[in-house]
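J.: For reference, the chains in residue letters:
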Amino acid sequence: MVDDLRKYLNHLLEKVNGLHCILITDRDGVPVVRAVTERAPQLALRPNFISTFGMATDQASKLGLGRNKTIISMYSSYQVIQMNKLPLIITFIGSDNCNTGHILSLESQIEPFLKDLAAVVADAP
Amino acid sequence: MEKIPDQTGYLILTEDGAVLESAGELENDERIATIIIDLISLSNTVDPLAFGPNEKFKKISITYDDHWYAICISNKKIYVVKRSISPAAAEGNAIAV
Amino acid sequence: MEKDLDKVVDEIMATPNVSGCLVADHQGLCLAAKGTAHVDSAGIIVAISEQACKIQPNLKPPTVCLEADKKLCLIQRHGTITGAIYKQKTEMKF
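Residue numbers (the UniProt record's numbering), protein chains in the order written: chain A, 1 to 125; chain B, 1 to 97; chain C, 1 to 94.
Worth double-checking, as some hints may not be accurate.
[Claimed, not checked] Label pairs and their in silico Cβ distance ranges:
(1) A/T70 x B/A18: 46 to 52 Å
(2) C/D10 x A/I71: 50 to 56 Å
(3) A/R6 x B/R31: 25 to 31 Å
(4) A/T70 x B/T14: 36 to 42 Å
(5) A/R34 x B/K77: 33 to 39 Å
(6) A/R6 x C/L5: 39 to 45 Å
[As the list claims (entries may be wrong)] With a cut-off of at most 25 Å between alpha-carbon atoms, the simulated DSS-like pairs for lysine-lysine come out as follows:
(7) C/K34 x A/K69
(8) B/K77 x B/K59
(9) B/K77 x C/K54
(10) B/K56 x A/K15
(11) C/K87 x B/K59
(12) B/K56 x C/K70
(13) B/K77 x C/K70
To be clear, the hints were calculated from the coordinates, so they are not data collected in a lab. All C-beta atoms in this analysis are idealised placements derived from N, C-alpha and C, irrespective of residue type, glycine included.
Isolated chain A, as found in the complex (with noise of 0.2 Å):
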């Protein structure tokens, strides 16, 4: 199930321009499925990166907008977008003139292989 779905991220990752990688992590960065080309920056793809979401999505959750549901960070040549789908992290990692829309209408094509990632996920003790 893991080959299929990180095959079907590799095809997410040509059809957008520019998108370097697609990380699909628990709340701690541990990956659970990767799928990554050769320029993605190896540093963003450590765990110690991805989990600062977590708190940072807490925090945005006490602004009183709401749950907190994605974060797109900006940086100088790359852009970070992560969704909060806990237990689960999305991570899209991508150029910083790449289409941030279309990588975001990504997240509901890859919604639906979520739940069974999340029973993985959920289980670990």
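Following the hints, position chains B and C against chain A.
T.: The following block gives chains B and C in isolation, referenced to the frame of chain A:
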């Protein structure tokens, strides 16, 4: 296909993008074939809400100043026709704002 | 801040047969959406426009028209802004 008025080239592709037939200005144009395939797959996901869940696009047209491309799918094949626009008929598709 | 943009969008919506209008920036983020146009489709619309520009990269951006049975969607790009108009099909054919 040659009988289409004003046409300056055409391409017939399979749904995977393999070129079945080509002629005129689009002869052997694999580059345009790949672009069109990607365009079609994008268009299928445009707007499930505005267009209804099963309403796929029947026809796509890409209009430049002096020529335009008509793309449609029929019988599992993708037909692309490049047609020129005569200057008299060119009122333009520009959306004047 | 967006008063002028809203005015233009309202003008477009007032045109007969128009059911929705959407304006997006170069990154696919929606600037304005009205009627049947959905905010989330901004990304795909910009992606379609970019893809169509690749056919003839040296010419100015083309107008893309997506036609379904009863509705059509016109997409045009000017500089960094992409606009889309959703219309109901009338009997006129070209």
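J.: Now tell me, hint by hint, if it's right for this structure.
T.: Structure-based check of each hint:
no.	hint	verdict
1	A/T70 x B/A18: 46 to 52 Å	violated, 38 Å
2	C/D10 x A/I71: 50 to 56 Å	violated, 32 Å
3	A/R6 x B/R31: 25 to 31 Å	holds, 29 Å
4	A/T70 x B/T14: 36 to 42 Å	holds, 38 Å
5	A/R34 x B/K77: 33 to 39 Å	holds, 37 Å
6	A/R6 x C/L5: 39 to 45 Å	holds, 42 Å
7	C/K34 x A/K69	holds, 23 Å
8	B/K77 x B/K59	holds, 13 Å
9	B/K77 x C/K54	holds, 22 Å
10	B/K56 x A/K15	holds, 19 Å
11	C/K87 x B/K59	holds, 15 Å
12	B/K56 x C/K70	holds, 11 Å
13	B/K77 x C/K70	holds, 22 Å
Hints 1 and 2 from the list above are not met by this structure, while the remaining hints are.
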